[in-house]
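Trainee: Sequence:
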Amino acid sequence: MPRYMSLIKYTPDALAGVRASGFKARFDQLEKVTTAHGGTLISMDFVADDRYDFVAVFELPDHDAFFALNTFSFSLGAIADGMALELYTADQADAALAKSQATDYRPPSAT
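Under the numbering used here, the sequence shown is numbered contiguously, ending at residue 575.
By construction, these hints were calculated from the structure, which means they are not laboratory data.
The reader is advised that the hints may include incorrect statements.
Stated by the list, open to error - Here are the in silico distance ranges between beta carbons for each label pair:
{"#": "1", "residue 1": "PRO572", "residue 2": "LEU479", "range": "23 to 33 Å"}
{"#": "2", "residue 1": "GLU550", "residue 2": "VAL511", "range": "40 to 50 Å"}
{"#": "3", "residue 1": "ILE506", "residue 2": "ALA557", "range": "14 to 24 Å"}
{"#": "4", "residue 1": "THR567", "residue 2": "ASP545", "range": "32 to 42 Å"}
{"#": "5", "residue 1": "ALA512", "residue 2": "PHE536", "range": "40 to 50 Å"}
{"#": "6", "residue 1": "ILE506", "residue 2": "PRO572", "range": "12 to 22 Å"}
{"#": "7", "residue 1": "THR499", "residue 2": "PHE538", "range": "15 to 25 Å"}
Model, not experiment: these values are computed from the prediction.
In this text, a Cβ means the ideal position worked out from N, Cα and C, and glycines have one as well.
Generate the whole structure from the sequences, applying the supplied hints.
Mentor: As structure tokens, this is what we get:
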């Protein structure tokens, strides 16, 4: 199953709610919604950073499931900002590189 990583920044109101209900409650909720989209929540780690509040790693059946989970989560209004990345194992990355056909491509150059 494809794996994805999301970096998420809560709105101030949502972060106040997290502080009131606890971080474990957020893990449980995200695990529930991930399962509802056919996936598994691998991890949800909270970060001491001013840019993001947590990072989550998911396994989902396909890109459509990730898109649905991502848009559902953002539509609730508790997320101020985020970034989503698809993750590849070394074997998956090597297999993708082996499919590359761009052997004659030349990048633009001023010279």
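Trainee: None of the hints should be skipped; say for each whether it holds.
Mentor: Okay, the hints, checked on the actual structure:
| no. | hint | verdict |
| --- | --- | --- |
| 1 | PRO572 / LEU479: 23 to 33 Å | violated (44 Å) |
| 2 | GLU550 / VAL511: 40 to 50 Å | violated (20 Å) |
| 3 | ILE506 / ALA557: 14 to 24 Å | holds (18 Å) |
| 4 | THR567 / ASP545: 32 to 42 Å | holds (38 Å) |
| 5 | ALA512 / PHE536: 40 to 50 Å | violated (27 Å) |
| 6 | ILE506 / PRO572: 12 to 22 Å | violated (40 Å) |
| 7 | THR499 / PHE538: 15 to 25 Å | holds (19 Å) |
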